[in-house]
Amino acid sequence: MTTRPSAFPGEKAADALNQLRQASPLVHCMTNDVVQSITANVLLALGASPAMVIDSREAAQFSAISSALLVNVGTLTDSRAQSMLAAIHAANNAGKPWVLDPVAVGALSWRSEFCQEIIRLRPAAIRGNASEIMALSGLAASGRGVDSADTSLAALPAAQSLALQIGAIVAVTGEIDYICYGENTCAVSGGDALMTKVVGTGCALSAVVAAFVSLPGDRLSNVAAACRVMSCAGEIASQEAKGPGSFQPAFLDALYSLDAKRLTAKNFRVGEL
Amino acid sequence: MTTRPSAFPGEKAADALNQLRQASPLVHCMTNDVVQSITANVLLALGASPAMVIDSREAAQFSAISSALLVNVGTLTDSRAQSMLAAIHAANNAGKPWVLDPVAVGALSWRSEFCQEIIRLRPAAIRGNASEIMALSGLAASGRGVDSADTSLAALPAAQSLALQIGAIVAVTGEIDYICYGENTCAVSGGDALMTKVVGTGCALSAVVAAFVSLPGDRLSNVAAACRVMSCAGEIASQEAKGPGSFQPAFLDALYSLDAKRLTAKNFRVGEL
Amino acid sequence: MTTRPSAFPGEKAADALNQLRQASPLVHCMTNDVVQSITANVLLALGASPAMVIDSREAAQFSAISSALLVNVGTLTDSRAQSMLAAIHAANNAGKPWVLDPVAVGALSWRSEFCQEIIRLRPAAIRGNASEIMALSGLAASGRGVDSADTSLAALPAAQSLALQIGAIVAVTGEIDYICYGENTCAVSGGDALMTKVVGTGCALSAVVAAFVSLPGDRLSNVAAACRVMSCAGEIASQEAKGPGSFQPAFLDALYSLDAKRLTAKNFRVGEL
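Protein chains in written order, with this note's numbering: chain A, 1 to 273; chain B, 1001 to 1273; chain C, 2001 to 2273.
Honestly, the hints are just simulated from the structure, not real lab data.
There may be inaccurate statements among the hints.
Said to hold, decoys possible - Straight-line distance between alpha carbons at most 25 Å, and here's what the computed BS3-like set of lysine-lysine pairs gives:
hint, chain 1, residue 1, chain 2, residue 2
1, B, 1261, A, 242
2, A, 242, C, 2242
3, B, 1012, B, 1266
4, B, 1242, C, 2242
5, A, 261, C, 2242
6, A, 261, A, 12
7, A, 266, A, 12
8, B, 1242, A, 242
9, B, 1261, B, 1012
10, C, 2012, C, 2242
11, C, 2261, B, 1242
12, C, 2012, C, 2261
Next up, chain A with everything else stripped away, as it sits in the complex (with noise of 0.2 Å):
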């Protein structure tokens, strides 16, 4: 039995932030076709440095000199999932992390074999929807593609399981997003209902999760600091949006100029938990 999701507090994200902006890691991305642009301009947006290669001898190269490495199986192809596998090795023979961000997985077959295949090979952290986390677990789940149809919550005991039987961090994000690893489970309210109407923005979350796991100190903490940072500003571009067009260059700005002012003002929803 695993214990209650606690409250990540604003200060903690802060605190990473800081790191993450002083470090300026250099985050590898494969990911899909589509999330290509809003990637990169999200971690420029926070400070750090993304590249995205994907010959598999150059990806192979360039893991391990990455800070961290992003598995996006969105648009999946033979070819990049050959790629990928030399990417996830050669970033283990490195020591450094990887995550994955299971796109779509229980509702397609072969990239779920695929994933199934790539979480045995020691990633740092999972990022997925419910739908995604519920399928990757064993649990059922009614995704259609990229939407979720279940709750974060319902997949709760599902991404604390697979948390436990992988050794890997586990975020399942939504309304409230749960980050779980071991017996430990925090939980980050905030966000806004327009992210869902702007593509990229789960995928980029992930590319930051990998960025945050590149930093120093408890894993735990940094992982839940990516979707906090990512909440909070879609707590502030929300405000100024009036649609999901203008949410975007709103969303990219509050990124840039996040502070721990922002990050550890109380937040509204926190009663939710």
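Take the given structure of chain A and dock chains B and C to it, following the hints.
Chains B and C alone, transformed into the frame defined by chain A:
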């Protein structure tokens, strides 16, 4: 001899948009490298659900569970052509409609052959510019790639002929959009020249056509509604925009908040018909 | 010994921009996965016409009818390398100029070999950051991917040597851009640090270089005009932007409305030369 184009009424566009938002169709987009993000964001802003899946096995599996399939040949490769064929056959077997965007057909030989091959596989609709539709119908055209050097009116006979020939809806879009099916043609005006200065507005329209074509009811009317929703959002956005950069967020915001009032307002350019 | 850099006059940038808008060159962009959209939008905002074609047969066919070809190796794969070679040969046979953006050359082995191979195929121009240009010229560099750890001034000898070696224009860009051809070098200042926080501004500049290189007149001057047009738009956008998110739409708007008045205004940073 086909009938004269009739102006498409805004009330029908508003009804179809309401239906779309309730149904939230899942649109499988096999589209080109350049417009992945704007295509997804346009569908999300309208209330549809986009997903991009490109491996041939997964594309076939996904087409069968999607509401509609979009095939856009903008950055065609051998492996994508194979995946598109697999997805088209799966969509047909599952009774799901598919839509073709014949980007740059006529200007480039291989894709022209490929599109001539797949238009025999019963697309529900084809959406292209004047040059593309003229080339696809076998009539001469003067495109030099993704641009059209002909007006949509010049391509109207080609669109009507193609529609009869293959039994699909054919939408030739430009300053005025003509949507042809059997003996009927309707016309949609509106939009703004700034739309031609933002990459992907035409490609995204094809994805929106796929979303609307999945709805119950009259398909000619649904495709015209797709065209009108986009041209109306273009008008709204152009009033706020200072250029093509600020046009894009304003356009997505306009799609998100588009309502019957705007769609049924007198369209000042309807006199051009 | 090459001559000292001379400051590039704004009047020449304004003249070249006028020419570009009248000619509306068709630029065949073979570029990386991350920057497809911003590259196309930058070219459209300036009045050029972008097109991305990647199949090897089509790429060769298209290069022959385009005004210029861009080759950017950011997300190189085997099949894209083959297509790029086919396109370069077709461009050369048709007498069309091509431009190389050697993304991350030096940091990654395979693309470095590929770029060493293709710079023998008579590019009209090469545009890169300091690390890339130093690596391409055979001098030591300290890049760690897409970032440059060197200043453009430190790379000036490498750029001048490379320009003489291969008989092409070499632009090494950074806080100050140096454009070298034969014994001549000119310098372009301006821009803003926010440009480094938006993915693709450098890659898009290379596409703009391709557009300008297709114009008649002095090529060194045309490439410098490309650099100045982008740095001037960057200055304008940075005055309106609250961060990298709002910078991007403002930048495209600035490119769209850029005029001689702005381009010939005194550039406050020219004193740095």
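Cross-check of the supplied hints:
1. B/1261 with A/242: 18 Å, holds
2. A/242 with C/2242: 17 Å, holds
3. B/1012 with B/1266: Cα-Cα ~14 Å, so holds.
4. B/1242 with C/2242: 17 Å, holds
5. A/261 with C/2242: 18 Å, holds
6. A/261 with A/12: Given pair residue 261 of chain A, residue 12 of chain A holds - Cα atoms ~12 Å apart, limit 25 Å.
7. A/266 with A/12: Distance ~14 Å between residue 266 of chain A and residue 12 of chain A Cα, so the pair holds.
8. B/1242 with A/242: 17 Å, holds
9. B/1261 with B/1012: 12 Å, holds
10. C/2012 with C/2242: 31 Å, violated
11. C/2261 with B/1242: 18 Å, holds
12. C/2012 with C/2261: 12 Å, holds
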